[in-house]
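Line order of the protein sequences matches chains A and B.
The first sequence: position 42 = 41 (numbering that gives the first Met the number 0), numbered continuously.
The second sequence: position 13 = 12 (numbering that gives the first Met the number 0), numbered continuously.
It should be emphasised that the hints constitute simulated quantities derived from the structure, not laboratory data.
Glycine included, each C-beta is placed from N, C-alpha and C at the ideal position.
If a hint is listed, it holds; no wrong ones were tucked in.
Part of the chain B face toward chain A, derived, beta carbon under 7 Å:
1. 21
2. 29
3. 63
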Amino acid sequence: MRRAGLLLGAMLLTLNACAFSRGTLGEEIKTDTVNSIKKGVTTRADVLAQLGAPDRLLQLNGRDLFQYYRYDAKVGSLLLILINFSRVSVKSDDLFVIINRDGIVEDVIASKRTENLEFRFWPFGD
Amino acid sequence: MLPRTVSRTFLFAAILMMPLSGCNVARLTINTPLTPQTVSFITEGQTTLTDVVNKLGAPDSITDAEGGAVVTYRFLNAKYSRVNFGWLVKPWSPVDPDLVFSRSGMGTDAFELLCDSNWVVTHQAFVRHRPDPLFTPYPF
Numbered sequence: 000m001r002r003a004g005l006l007l008g009a010m011l012l013t014l015n016a017c018a019f020s021r022g023t024l025g026e027e028i029k030t031d032t033v034n035s036i037k038k039g040v041t042t043r044a045d046v047l048a049q050l051g052a053p054d055r056l057l058q059l060n061g062r063d064l065f066q067y068y069r070y071d072a073k074v075g076s077l078l079l080i081l082i083n084f085s086r087v088s089v090k091s092d093d094l095f096v097i098i099n100r101d102g103i104v105e106d107v108i109a110s111k112r113t114e115n116l117e118f119r120f121w122p123f124g125d
Numbered sequence: 000m001l002p003r004t005v006s007r008t009f010l011f012a013a014i015l016m017m018p019l020s021g022c023n024v025a026r027l028t029i030n031t032p033l034t035p036q037t038v039s040f041i042t043e044g045q046t047t048l049t050d051v052v053n054k055l056g057a058p059d060s061i062t063d064a065e066g067g068a069v070v071t072y073r074f075l076n077a078k079y080s081r082v083n084f085g086w087l088v089k090p091w092s093p094v095d096p097d098l099v100f101s102r103s104g105m106g107t108d109a110f111e112l113l114c115d116s117n118w119v120v121t122h123q124a125f126v127r128h129r130p131d132p133l134f135t136p137y138p139f
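Could you put the whole structure together from the sequences, leaning on the hints where they help?
This is the structure we're talking about:
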């Protein structure tokens, strides 16, 4: 505890600057929109109306695969007089919609990783 | 799928944003790095893609394969460290000397699953499984 306090004090004495930056790529994929896509019910036209054209369109064994993605990057920097610590964390939200030959949604695969993305400057550890 | 050019851009931006100082330590992490322990729950021939997605989240890409699909999770753990020994003589030197040692390492990897037409995992493997890079500025 005392060592941590000394380290913190030394850092504050030598603190030159801090920096926080953020960058995103793509539009946010809203959870409500993803939940509204029902397997066996929602059609290709419904998906396109709600989410727009996909970022990637692939053929998967005769089925269409729509991929939507969004990237979020957070950069934290601690700039001391003698040493700088910086960390860039990037995570993505991905949504895959598999549409069968009849134009009906067969499967939906989605996850939001960016919700837990934090600003970090300490480059060591996990 | 994060294009390679985008991940390079993030890395170079992280390096360029750091002002010239005595030492720099920087790290770039894209997605959560997977380990063999993280994916040990997958049993070939039994685990479905739904089980995998529930534990690991959505993949970065799904591509067509003979009789099924290839599902890929990508992640990156890049480390950069730099020491400018010129700082040691700055107080006594009329010029601004630099003697810079720096080194970066990229632990790029991908985890791939081969699924059959019923979305059951039939094969799984890490693509490269490179060791985690270290913060070591010594380049030689």
